[in-house]
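Protein chains in written order, with numbering that gives the first Met the number 0: chain A, 0 to 319; chain B, 0 to 218; chain C, 0 to 490.
Keep in mind the hints are simulated off the structure, nothing from the lab.
It is possible that some hints are incorrect.
Unchecked claim - Some chain C residues judged to face chain B by a derived CB distance under 8 Å, without partners named:
#1 Val155
#2 Pro394
#3 Val426
#4 Ala429
#5 Thr432
Said to hold, decoys possible - Away from chain A, derived, C-beta distances all over 10 Å, residues of chain B:
#6 Ala54
#7 Leu79
#8 Arg200
Note that the Cβ used here is the ideal one computed from N, Cα and C, for glycine as well.
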Amino acid sequence: MSALVRLGAAACVAVVQVLLVAGGGLLLLGVMRKTRSRCEGRVGPPVRQPLLDVVKLVSKQRIRPAAASPVFVAGPVVVAATAVLVTAVAPLVTSDPPLARSTDFFAVVLVLLLGSVSLALAALDTATPFGGMGASRATTIGALTEPALLAVVLALSVPARTSNLPALVREGIVDPRVVASPGRILALCAFLVVIVAETGRLPVDNPQTHLELTMIHEAMVLEYSGPDLALVTVGESARLALLLGIFVNLAVPWGVAPGRGAAELAVGSAVLVAKVAIAGIAIATFEVFTAKLRLFRLPEVLAGAFVLALLGVASTLVTR
Amino acid sequence: MSGPSFATALELGAGAVLVCAVLTMWRRSLAAIVRLLALQGVALAAVALVLGLHARDGVLVGVGAVVVVEKGVALPAVLLRVVARDTSSRETAPLVNVPASLVATGALTLLAFAVAGPVVALVPTVAGRLVPLGLATALIGIFAMAVRRRAVSQIVGLLLLDNGIALVAFLATGGFPLVVELGASLDVLLLVVVARVLGTRLHERFGVLDLDELRELHD
Amino acid sequence: MAGAVLLAVLGAPLAASACAVLCPWRRAVGWLGVAATVVVLAGGVVLAARVVHGPAVTALGGALRVDALGAVMIVVVALVGTLACIASVRYLDGEVGAGHCSRRHAALYGALVQVFLAAMLLAVSAANLAMTWVAIEATTIATTFLVGHRGTRRAVEASWKYVAICSVGIATAFLGTVLVDLAALHAGHGPHASANLDWTALVAESPRLDPGVMRLAFALVVLGYETKVGLAPMHSWLPDAHSQAPAPVSALMSGVLLAVAFYAVLRFKAVADGALGPGFSRALLVAVGLLSLAVAASLLVAQRDYKRMLAYSSIEHMGLVALGAAAGTPLAIAAVLLHIVGHGLTKAVLFLGSGEILATEKTSEIGQVRALLARRPGVGGLMGVGLFALLGLPPFSLFVSELGMIRAEVDVGLGWAAGIALALMAVVFAALTSHGRQMLLGPLAAGERPTRTPRIVVVPLATALVACALLGVVAWPLAPLLESAAKTVAR
Chain A
0 MSALVRLGAA
10 ACVAVVQVLL
20 VAGGGLLLLG
30 VMRKTRSRCE
40 GRVGPPVRQP
50 LLDVVKLVSK
60 QRIRPAAASP
70 VFVAGPVVVA
80 ATAVLVTAVA
90 PLVTSDPPLA
100 RSTDFFAVVL
110 VLLLGSVSLA
120 LAALDTATPF
130 GGMGASRATT
140 IGALTEPALL
150 AVVLALSVPA
160 RTSNLPALVR
170 EGIVDPRVVA
180 SPGRILALCA
190 FLVVIVAETG
200 RLPVDNPQTH
210 LELTMIHEAM
220 VLEYSGPDLA
230 LVTVGESARL
240 ALLLGIFVNL
250 AVPWGVAPGR
260 GAAELAVGSA
270 VLVAKVAIAG
280 IAIATFEVFT
290 AKLRLFRLPE
300 VLAGAFVLAL
310 LGVASTLVTR
Chain B
0 MSGPSFATAL
10 ELGAGAVLVC
20 AVLTMWRRSL
30 AAIVRLLALQ
40 GVALAAVALV
50 LGLHARDGVL
60 VGVGAVVVVE
70 KGVALPAVLL
80 RVVARDTSSR
90 ETAPLVNVPA
100 SLVATGALTL
110 LAFAVAGPVV
120 ALVPTVAGRL
130 VPLGLATALI
140 GIFAMAVRRR
150 AVSQIVGLLL
160 LDNGIALVAF
170 LATGGFPLVV
180 ELGASLDVLL
190 LVVVARVLGT
200 RLHERFGVLD
210 LDELRELHD
Chain C
0 MAGAVLLAVL
10 GAPLAASACA
20 VLCPWRRAVG
30 WLGVAATVVV
40 LAGGVVLAAR
50 VVHGPAVTAL
60 GGALRVDALG
70 AVMIVVVALV
80 GTLACIASVR
90 YLDGEVGAGH
100 CSRRHAALYG
110 ALVQVFLAAM
120 LLAVSAANLA
130 MTWVAIEATT
140 IATTFLVGHR
150 GTRRAVEASW
160 KYVAICSVGI
170 ATAFLGTVLV
180 DLAALHAGHG
190 PHASANLDWT
200 ALVAESPRLD
210 PGVMRLAFAL
220 VVLGYETKVG
230 LAPMHSWLPD
240 AHSQAPAPVS
250 ALMSGVLLAV
260 AFYAVLRFKA
270 VADGALGPGF
280 SRALLVAVGL
290 LSLAVAASLL
300 VAQRDYKRML
310 AYSSIEHMGL
320 VALGAAAGTP
330 LAIAAVLLHI
340 VGHGLTKAVL
350 FLGSGEILAT
360 EKTSEIGQVR
370 ALLARRPGVG
380 GLMGVGLFAL
390 LGLPPFSLFV
400 SELGMIRAEV
410 DVGLGWAAGI
420 ALALMAVVFA
430 ALTSHGRQML
440 LGPLAAGERP
450 TRTPRIVVVP
460 LATALVACAL
470 LGVVAWPLAP
480 LLESAAKTVA
490 R
């Protein structure tokens with residue numbers, strides 16, 4: 000009986016988190032675009048525009064290239080599925096998500112990587128020049144972000160003596176000094192750079208461009224249409240919301256629900272939405288003042304992130 | 000200051016000194032590099048103040064005040080005036096490119112941890128454990144002097160080295176007697192003024208502040 | 000009373016410097032500088048007489064402390080300083096007369112030379128090793144402008160390299176000093192921060208210093224100060240700076256600045272040997288000594304510039320001194336100090352002579368200068384005799400000191416190092432002889448008449464060479480002082 004209740008509560012948490020991240024991710028995109036527009040003195044599209052776009056795309060006809068193989072079909076599904084899977088078990092609304100004991104930071108990184116890889120493969124699948132170019136650039140960036148991300152995980156988990164993500168969040172709530180420790184700060188700075196690179200924001204990639212010389216992510220999804228494109232958009236925005244959610248919960252862990260009660264979940268959801276919205280607005284404001292970097296300058300930024308994370312690891316050796 | 004918050008404050012201050020050093024290798028704009036140096040000076044002074052307040056050591060607090068004025072304000076101001084006069088104020092072509100030098104700074108940090116082993120073993124306090132950070136800053140300073148080609152960024156490298164050594168001195172020994180501190184500060188200040196004047200002369204004679212032009216003397 | 004003498008020794012150059020700043024250049028100010036160095040010399044002799052068999056002289060509540068080693072160094076600084084200041088008068092007269100530099104610029108030179116001398120004197124008379132560091136750093140600042148005094152592109156380039164490389168070196172030495180302080184702090188007598196780097200106290204408790212930290216500290220100190228000493232691999236500034244600086248400044252830098260920096264190494268070595276035993280410092284010094292000899296020998300062979308040639312010869316001699324210090328016995332240290340005295344005098348003579356040649360021949364290329372003995376017998380003869388002295392031929396004191404160092408090295412089992420050093424010295428000997436022959440020998444061109452060299456040049460330099468020969472033959476009056484100095488840092 001109590002096992003059933005626990006299962007129900009866990010399922011409930013998972014559903015809340017997935018809905019919040021999938022729907023909220025699209026709204027986050029809207030908020031970021033709105034911020035940008037306002038900063039540039041334009042009115043801009045309404046915040047719910049990305050949501051409306053997705054609804055419109057779902058109702059449209061699906062067109063796939065004649066040469067497409069199952070890899071092409073699987074791409075969007077894998078991107079969305081990995082994002083949903085991680086969202087369901089990540090400590091976003093509550094620090095006691097379903098399967099909390101198995102939510103390892105390394106596993107989270109690897110599952111999300113699976114989504115990126117499948118999208119790159121799908122882009123190669125149709126053998127169009129743009130797809131290949133986008134995939135090549137995305138993998139270059141990915142190859143540079145992964146070591147940094149792993150160093151970040153290392154820096155966060157060495158002092159806590161665990162790489163369990165909910166435990167890392169809880170540790171911050173229990174002992175605020177952990178959040179202020181140099182190792183954590185350095186690692187989170189690096190994590191932020193990695194998030195910006197992984198989700199294709201400025202200055203790494205311009206999500207609004209369709210200029211062939213500069214686009215990276217858009218080049219990969221150029222061949223998708225209708226429901227497929229909707230799935231890709233949802234999956235990618237969910238990734239952004241998910242990564243930002245993990246980031247804010249590690250940086251500012253207060254307000255994360257300790258358990259799975261309804262009231263706790265409601266408060267936790269509200270706090271999460273507020274924190275992620277603030278982070279999104281901050282990133283969008285930063286983007287207004289930033290130009291896209293040349294591709295050859297990207298290694299500098301990402302090497303910087305790697306070194307910051309490495310310093311984080313080193314400083315955990317100092318502070319124990 | 001109580002135990003845990005003292006340790007956290009000290010860690011943050013020493014960490015900030017090292018991070019500023021790493022960031023100077025990241026940035027290319029000379030003005031940004033000099034501003035990072037100023038920030039590092041303030042962080043260094045904070046370390047001295049925290050240590051001084053913890054040990055109730057008036058001299059060390061005084062040294063912290065001197066450091067703020069000297070390294071946080073005076074030296075960066077002198078350097079910024081040079082940068083403002085220079086027409087192309089960017090580090091254009093360092094001998095080692097930025098990603099590689101960032102990786103090198105990471106390696107130097109690890110080297111500092113390895114070398115500082117005996118020191119850490121001798122001083123089993125919070126401050127003692129942070130000594131490798133100062134050593135790493137010093138090594139990064141030497142590295143910056145070796146690979147950077149602009150006169151200003153070489154001076155910055157020298158000051159990084161000096162700040163790193165000062166951090167080691169504060170953390171390991173609680174600073175030198177005031178006379179020596181003042182002498183050392185005066186020396187560094189004069190050195191930068193000398194370097195600035197020389198930089199101006201280089202600018203007059205060679206037209207640029209790029210040290211690659213200095214190749215008349217060799218065997 | 001002796002304390003007052005010590006204060007006078009430090010104060011005289013500072014007073015002369017203040018005078019030079021206050022009034023624009025004229026010859027009287029230059030002679031005032033010479034007077035200051037003579038005061039220093041007299042004071043140094045008085046101090047030496049006091050400390051040779053007695054206790055060290057202290058002043059300013061123990062902040063200044065001169066023992067026999069310090070007294071030897073004060074005397075060397077004063078001797079070379081006197082020669083350089085006399086030559087400075089003539090150099091500045093020429094520059095101002097030819098319109099190469101303004102009277103204010105000349106005044107700056109006069110002031111900085113005196114500050115430079117005062118800084119070196121402070122370095123060798125400070126009781127605290129950190130104060131020694133501050134003073135040696137101050138020499139860098141004072142000499143940077145002196146190196147670039149001529150204001151040509153090359154001079155500015157040389158002074159930039161000088162200040163950049165030496166600052167890194169001196170900063171490294173500071174790091175080493177900090178670590179020595181740390182080791183002293185934890186040697187078990189509690190935090191008396193002010194007394195930690197007092198040299199006598201450090202030596203007294205050196206067996207209790209932490210060996211791990213001392214090893215790191217001494218390596219950093221040697222690496223740092225060897226930059227100022229001009230030992231390989233940190234020597235690259237030296238040929239540039241010595242060749243571009245005005246001749247009197249080159250003489251001061253080569254003759255005594257290198258030695259003052261080496262003095263600091265000797266002091267630290269005494270502490271490190273107490274903590275680690277002689278093996279560590281010996282290995283380190285043998286390595287840098289042999290490397291310096293090799294660098295100097297290889298670059299001397301094809302050298303085309305006579306001032307650079309003299310600079311590389313300084314690197315060679317500092318390498319020899321490092322080898323001698325590596326042996327570390329009282330005999331070796333006495334020989335090292337005698338070598339420092341002899342090298343200071345000889346190198347000053349040669350640099351001042353080469354300045355005279357540069358002023359008259361307008362070139363520093365070896366190939367462009369010929370038949371000096373016939374054309375300018377005065378300065379040519381001085382250069383010839385000076386080269387003989389520099390090569391370590393009897394009766395000059397360098398012969399005696401080199402012999403002493405080699406004997407000491409063989410005594411402590413460093414015969415192999417002495418063998419390598421002798422082979423490299425043979426290369427240097429051949430190179431210097433051949434370059435010297437090119438410059439000095441040859442007939443007068445048709446219709447050419449020998450030119451007289453002014454007495455103001457010849458008399459001081461000849462005196463210095465006679466003193467050098469006298470030291471070589473009878474070691475008088477330095478022998479007891481050198482013995483007593485050697486005993487302070489070696490056992």
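Inset, instruction - May I ask which of the numbered hints given earlier this structure violates, with the numbers listed in increasing order? - result: Hints 2, 3, 4, 5 are the ones this structure does not satisfy, whereas the remaining hints hold.
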